[in-house]
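Colleague: One-letter residues, chain by chain:
2 protein chains.
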Amino acid sequence: MNRLSYLILMKNKPVQPRLWNIEEFPFHPEKLNHIETLMTVGNGYLATRGSFEEGYEGDIVTTLIHGIFNHASGTAVPELVNAPNWLPFEVHIDGTPFRLVNQNEMSLNPRGGALLGYRQQLNMHIGLLRREALFRAESGSIVRIVFERFASLHDEHILGQRLDIVAVDGSPKIEVTAYIEHTVTNNGVIHWTDIKTGHTTNQVSLSAKTTQSDYRLGMSSTLLATGDMTITVDRGNQRPVMKSVFVLPHQESVTLVKLTTVYTSRDVTNPLKESIHKLENAAIIGYEKLLNQHQSEWHKYWQDSDIQIEGDEIAQLSLRFAMYHILISAPRHDNDVSIGAKTLSGFGYKGHVFWDTELFILPPLILTQPELARNLLMYRYHRLPGARHKAKANGYEGAMYPWESTDTGEETTPQWGDPQPDGSRIRIWTGDNEQHISTDIAYAVLQYWRWTGDDTFLARYGAEIILDTAVFWGSRVETKNGRYEISRQIGPDEYHENVDNSVFTNRMVVWHLEQAVSLVHWLKANTLVDYNRLVESLNLTQARLELWNDIIKNMFIPFDDAQQIHIQFPGFFDMEYIPVSHYYPRTASVQAILGHQRSIQTQVIKQADVVMLMALLGEEVGASEVMVNNWNTYFPRTDHGSSLSPSIHAWVAAHLGLDDIALEQFEHAAEIDLRNNKGNVQDGIHGAASGGLWQAVVFGFCGLYLDEKGEPVVEARIPDHWKSVTFTVCYRGERRQFTITPN
Amino acid sequence: MNRLSYLILMKNKPVQPRLWNIEEFPFHPEKLNHIETLMTVGNGYLATRGSFEEGYEGDIVTTLIHGIFNHASGTAVPELVNAPNWLPFEVHIDGTPFRLVNQNEMSLNPRGGALLGYRQQLNMHIGLLRREALFRAESGSIVRIVFERFASLHDEHILGQRLDIVAVDGSPKIEVTAYIEHTVTNNGVIHWTDIKTGHTTNQVSLSAKTTQSDYRLGMSSTLLATGDMTITVDRGNQRPVMKSVFVLPHQESVTLVKLTTVYTSRDVTNPLKESIHKLENAAIIGYEKLLNQHQSEWHKYWQDSDIQIEGDEIAQLSLRFAMYHILISAPRHDNDVSIGAKTLSGFGYKGHVFWDTELFILPPLILTQPELARNLLMYRYHRLPGARHKAKANGYEGAMYPWESTDTGEETTPQWGDPQPDGSRIRIWTGDNEQHISTDIAYAVLQYWRWTGDDTFLARYGAEIILDTAVFWGSRVETKNGRYEISRQIGPDEYHENVDNSVFTNRMVVWHLEQAVSLVHWLKANTLVDYNRLVESLNLTQARLELWNDIIKNMFIPFDDAQQIHIQFPGFFDMEYIPVSHYYPRTASVQAILGHQRSIQTQVIKQADVVMLMALLGEEVGASEVMVNNWNTYFPRTDHGSSLSPSIHAWVAAHLGLDDIALEQFEHAAEIDLRNNKGNVQDGIHGAASGGLWQAVVFGFCGLYLDEKGEPVVEARIPDHWKSVTFTVCYRGERRQFTITPN
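So the sequence lines, in the order shown, correspond to chains E and V.
Using this note's numbering, read the first sequence as starting at -19 and increasing by one per residue.
Using this note's numbering, read the second sequence as starting at -19 and increasing by one per residue.
Calculated directly from the structure, the hints in this document are not laboratory data.
Treat the hints with care, as some may be off.
The list treats identical chains as interchangeable, and a pair is accepted whether it falls inside one copy or across any two copies.
[To be verified] Below, in silico cross-link-like pairs of lysine-lysine (DSBU-like), each with a Cα-Cα straight-line distance of 30 Å or less:
| hint | residue 1 | residue 2 |
| --- | --- | --- |
| 1 | Lys460 | Lys372 |
| 2 | Lys504 | Lys280 |
| 3 | Lys253 | Lys189 |
| 4 | Lys280 | Lys703 |
| 5 | Lys504 | Lys189 |
| 6 | Lys153 | Lys176 |
A quick note: this is a predicted structure, and the numbers were derived from the prediction, not measured.
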């Protein structure tokens, strides 16, 4: 009797930590691009979608590196560049290429081979993607193939891959090839030029630079095989290929490792040389140790950032999934880049940075990983010149942040949408008129400061952001009808563009100026050097402060006294009323169902707008009766056409004691990526929905806030079936743990 | 402001009890037949798959009524007959038929209409299937459509359907039609003849009889509409159709109800008349009250049969799902029918009854719904004549139950499988040689008796089953080599057919005869009347009892003294060894991968065989060292090619303290129907896997058994992450609740 197989069984199925895994089983080719997004691995420097080592028809293979933008000629705006593909790791079994081909598995000699079984798991606890397949070659040989990959969190320039092959039936001849694929594009747009490949006896390498922005990249790979490894140049593709060929005896197994390193000119002067150097070191350290180092870093991340929910496994898994994707896209060692709306996991929104980062993604980082939050805020600080340039170009003073931001800090929102079926294009006004972004950034700076107590940051960097954007607003408001107004705005509800006196914008500007006035006093009292510097550089005259105070007092806040509600903007209620709830269940947005032309003339709201205001400012917005009235007015009109909406509604509903709705909205938010309920996950993770989910739990259900003394307290109201919620926040450098139970 | 929509929103989304729902969202046409099976509704009298009221290409619409078998000419064996379809309930919106068509939802006037949204939920807590759709007609009108259906558990002849329509956009003309579809077949096989349709002013009806078995059926339907309802006869189909036509004003809603009643000649002499009479009563009671009555019965079912697991939601949902499907297929008022291997939820195995019922499905009923269990055992009692006939025909004495059983009690296993691609057919030997079925039934009788203390049942009915099958075994064993042997058997491992001395069979026969001997003594001591009756009718001479005792002592039990293991059958270890664990992950069975020819010459085992023996007889099988050795030998060789296997392995692994494996096997079992991991759920629910799952928890993890005094006790070992398991069992007419916690 051979008891070996029993042991092998255990080895083949590593115990997976519970509720830490995203699994695909069996293979779902119809969800290929959705699952590629979910299975993204990353380390805050770069991220790579869960595309297959051997490729698959229709896959969207991307590796996006923070900060590497390029504005290709003939395109409207710059975009984050798809880096050379480090994944290729291909296997031939008795001449049959391993591919996920679904053939009749009953054939003992299937043409092109046959996939007999498949399971893929992303272990979020250690940031490891693992894919197992059972495959029959044309020869009839059966192999079990296991791929693993990670982007090292310990050394962000190192990418590890492992390949295990077991000869399950037959003694096949195995040919393994590995290389770097440099013929990559962003949906056909070419961003790399000056591509040079090279190789030595044991590694291949590549250098390239972006066509417009001149970023240079170096990438190197090696294949660690047990047997011989040769490198030959594929002349057709000008590509050096590493190859290992051997016979695998029946029931024996073999392990091969591919290591890849990458640098850009944003990191070092000579990226190619550094990548080669790093690769040599990595090969000496070896896969196992690299993986262990990586795992230790993840362990630290989760110690601080995990929320544990007992009594709701879907909530538990969704929250970890959300936090995982925030963590893999948050730069650790770079304070000159930020997280785009789709993180680094897809081409959506071209890697551009929106308010999503400051109001949705930042809060979980501020409260659990403040160093990472600081990096992201510094990105905005470094882009003050761009914001000043935009203000000036529009005839204003101070700093006016772009609605979409890249490396340059200039406005990069495209002016026109992609062509409609009839060839017409819709004008995109957000870059012109969605001006609340400047205040959103100020909000994040203050939230960071209040939680961290990082006075140095506030004095040296943050204050300048808050004050120069306040200067902008002072120049932006209009004096009309004996009060201050702001015309032609887009609030969070982007279905209604260029409206006058968006209540969200007007009220947030008042709040912004209040904070600016307080901040000036704080600077004067605490750091005269910075006070003097900023008063001089930003020209903070007494007249300017008086103007701010006057705006605070006399800003027009649209409000219906009879109904005791805020008015989203004057005229809103004159439009057609559509009961959005009738449109249930729906997959598309109500806007898509009604058509663009009609929907903009209705009261259908894209996403939390007045409700967003209530989330951000809480009871400052109005008495609790007004809050309830606002909710009852706007919630039934809201389409949730944006993934940013449900989590904010969950948060506010929890505060209003609308328990069932809070839970329903939370679950809606939790499903956005995992169940692809907006149908566009192939473009990347909804970063804001991820951050919003965390806020719905911590700020919403758990009711965490800073009290009048600035101390964190909770006023919790968790769903009935949740037995407990445990989380840790970092308050002024000190970790505080909260455990909420129904009692 | 119109706050109506807020209320409607709440109405539209009834609060679903947590972990009681199976949901499909959005529409998954690629899983159509899988989900149809999952969404089956039933009441122990009949069950109907979750096919759509309006139909869908490729659907498998079935209603199966217990006991209605028919042997159509030209077919090999009788099968459970697909009853006339009571579902048709069709809607036209401005002339566009409502269908689940996925069109470009952006078109405002889509040809053929467009599905804008979809959600289907089976609420297992009350046995209600609900399907919601948002649909745009060609005219541009948008309607929200909600279907509900249930098969009344309160009055099993009543079937209820409700249709709600909301005019979400536009004021469409609505045409609703409802009818009974009588042109039904079993995959093309026609079973109904003498079909007569009829109608009055407010109902349609149908009578028919089966072609060979002469069962008569009557079915009647009425449509309760708010407006006018007319009935016209569709001449082409000879079908009376109920119709209601009206204009639905913008944003108004309408509710229509369809009620259907059904009887067969198994219930009453005049099924048509009874169905009409019942329908009239049902219409007076009305949908709401019928649903309430139905719901109350479900409430009682779950009070006794629910297992509550804290700490594992997938386990919780899977267990409820398993029990739901057992309950909807368990006859309540009929002790002359039993549950087929695929319950009443699909055509698989033609509705035939196997050992699956007695050893897998019965235990949860014995312990939680003993009245239902008794009905199923009475089915076997009533089929003793068939079993005696089979014994006689094969040259044996006593009662030899058929491997596959229908209404007649005769052997109905087909002799030949369906043709292979090359036209050849494989001989099916189970009907000839899988003889352990008789002992399996005896096992169930005794299990029922031990838990219920139902002495009357044992004395009057059960004893006759146990003893006459013991008589069979006395005539079946062979005297060879100075011992008793049994040749040409098929044990649970059906990959190895017609083997001599299957250890499972031989050992179970010994156990069976031991029980028979004890039972004779018990009868003599407790009920002399029954004792005398049975001694006479079964000819239980002293010589026969001596023979039984001699077989008990001298039966050949294949055992390897050196290895201290049971041998599945002599010669087993001479075959090729295949490490099954290498074939991971796989979707197909190892048999399918290796091919039938090769696999039967290997040690690959279809399912728990020696391990099944260990589950059934526990420590009676051998010392704990032998149990461990057996496990280590057979588990690595087991394919789990049968859905019966994983749950038994979970149960035994839990007893052996193999916690990780127990959990893994449990999860495998839990996924069989819900994730379709055997790929054949379209043929119906795996009834045995459902019952096995319950046993894995109660007998395996919770370790429930009857101690030497016959009292229920637990020796629990639940998975680490399970916080608690709570269940109720009925012991001798008294409910006992157990709560297991890790401590």
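Colleague: Hint by hint, which ones does this structure get wrong, listed from lowest number up?
Modeller: Numbers 2, 5 and 6 - these are the hints that the structure violates, sorted from lowest upward.
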